[in-house]
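Q: Chain by chain, the residues run as shown.
Number of protein chains: 2
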Amino acid sequence: MKALDYIRVVLIQSTHPGNIGATARAMANMGVSDLVLVDPADFPSPVATARAAGADHVLDKARVVSTLDEAIADCALVIGSTARLRSIQWPEKTPEEAAAEIGEEFVSQGDAAPIALLFGRESSGMTNGELERCRFLVRIPVEESFSSLNLASAVLVMLYELRKSLVSREIAPVAGGDRLASAEEMRHFYDHLQAFVTRIEFSDGRSSKLHRKMTRLFNRVSMYTQEVKMLRGMFRSVENKLDGKY
Amino acid sequence: MKALDYIRVVLIQSTHPGNIGATARAMANMGVSDLVLVDPADFPSPVATARAAGADHVLDKARVVSTLDEAIADCALVIGSTARLRSIQWPEKTPEEAAAEIGEEFVSQGDAAPIALLFGRESSGMTNGELERCRFLVRIPVEESFSSLNLASAVLVMLYELRKSLVSREIAPVAGGDRLASAEEMRHFYDHLQAFVTRIEFSDGRSSKLHRKMTRLFNRVSMYTQEVKMLRGMFRSVENKLDGKY
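Chains as they are written, first to last, in the numbering used here: chain E, 1 to 246; chain L, 247 to 492.
Careful, some of the hints might be misleading.
To be verified - One-sided and incomplete, this derived list gives chain L residues near chain E with beta-carbon spacing under 10 Å: (1) A359; (2) L383; (3) I386; (4) K459; (5) Q472.
Everything labelled a hint here was simulated from the structure, so no lab data went into it.
As the structure is a computational prediction, the values presented were derived from the model and not from experiment.
Beta carbons are placed, not taken as given, at the ideal position from N, Cα and C, and that holds for glycine.
Make the full structure from the sequences, and use the hints.
A: This is the structure:
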C-alpha cells in the first residue's frame, strides 16, 4: 500500500457542508481518500457534492461517526491542527515538520496503522479534551493579523506538504516488528493508570488535572504495545504487592 | 517594505466571484495584498465579499484592468501557473522551486519591482500568448487522476510556499514557563525509577534491559520538569505506602 493511503482526515462537527465538499476535493487533488466526519451538521448534502467538484469517490466512502473515539480507534498517531494560540502548552509543528515526522513514523512502525489528522470546528476549533488526544499540533504559518484560514484550505496545505514528503513512498509491512499502541489500547492504559493512581492514593480526588497531565505526557511519547504492556505490568506489580498476593 | 509586499496576484478573466473572494482570503492569510483582476466576469460582488471572510482590505484595493499588459507593466518577473500539460514546451517549476527563485530575484534586484503570479481562467487556464509572458510556469504537484485544483487553492499553495521562503520565521512564546528537564534531572529521575522498580520487585535482576527500555521510552518524550516531579511524586506515594507511612 502507498503511504498516502494511511492518511485519514477527520473533520470534527463541521457546520458547513461546502467545507466538507471542498475538503474532499483537496483530498482527491493530493491523493488522499480516507475521510471521517465526526457528527457533521449537514451531510450528505448537495452543497458538499457540488463543492467536491467530482471528488465523489471521497464523499461516497466518507464515514460518519458520532464520537472522536470512533474516528481514531485504530490510529497509532493522531495529529491535531490549530489556528489559534492555546492557553495550554502543547507541542506544535509546522506542516513541513509534521510531514517529516509522519514519514519517520512509517519507518519505525512495524505494521502500519492509519494516521489521523484532526480538524476542529469552523468557529471554535478543537476542545482541550480533543487536543489531548494528539501527539502534537500543526500550525500553518499565516499572517497574525488575518489568521482565520478556511477549513478546507487548512486541509489542503497539510496534505500538500504530506504529498511532497510521501507521494512515492510504499509501505512494506515489517515482519515481527513491534507497533505503536492504538488509540484504543492507549485508552485502556489510561484507565489502568487512573485506577492505579487512585489505588496508591497518589491522586487525592482532584484527579482530572492529574489525569490530563498524564495523558499529555504519554500521548506525546507514542508508546509501542510492548511498552504499554511493560508499564501496565509494573502497575500490576504494585497492585499485587498492596494486595499481599505473594 | 517586506518582500511579500512585492508579490502581486493576477487573476485572468475569473468567472466565479466566489473564487475572487476566496483568493483575497488566502492572500490575507499569507500576508500578500496586491490583487489585480484582468477583465473579471463579476466584480465587485457580494459573493466575493462573503467568501473573503473579512479580507476586505485586499478586495477594496484590488485593481480591475482590461488587459494583462496593464496588470504586469511594472513587474520585473512574471510567473504563470498551470494545471494541465501544455502543447507548447515551457519551463516548469514546483511551487517550492519557484519560491526559491523569487527569493534569489530579490537578492539580485537592486531596486525591487513587483513580481506577478498569473492565474488563468477556471475553465481554460491561460492562452499560449499569456503563457509566453512568463519566465516559467509553476505546477502544483497533484494526483494525475484528479488534477483540477480550485483557483483559490492554487493561489493558496503558491503563496504558502512563498511565505515560507520570504517571511522570517517567528517562534511563538510558550505560555506557562515550564522548561524541559535537564540531563542531570533526568539522571536523578532514572536513578529513582531504578530504585522504584527494584523496591516493588518489578525488576527481577535482569534490570539492565528494563532500565534501557525505560530510558528509551522517557528519553523519547523529552519531559518537562513538572512532569519529572509528578512521576517521582508518584513513586514516593508507592514507597510511602509500602513503608506503611500514612
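Q: State for each hint whether it applies.
A: Hints versus structure:
1. Annotation: A359(L) was flagged as interfacial toward chain E, and the flag is violated, the nearest CB pair being 23 Å apart, outside 10 Å.
2. Of the supplied interface hints, the one on L383(L) is violated, with its beta-carbon coming no nearer than about 18 Å to a beta-carbon of chain E, more than 10 Å.
3. For I386(L), the interface hint holds, the least distance from its beta-carbon to any beta-carbon of chain E being 7 Å, beneath 10 Å.
4. Against a cut-off of 10 Å between C-beta atoms, the interface hint on K459(L) holds, since the closest Cβ of chain E lies about 6 Å away.
5. Checking Q472(L) against chain E: minimum C-beta separation of about 8 Å stays under 10 Å; hint holds.
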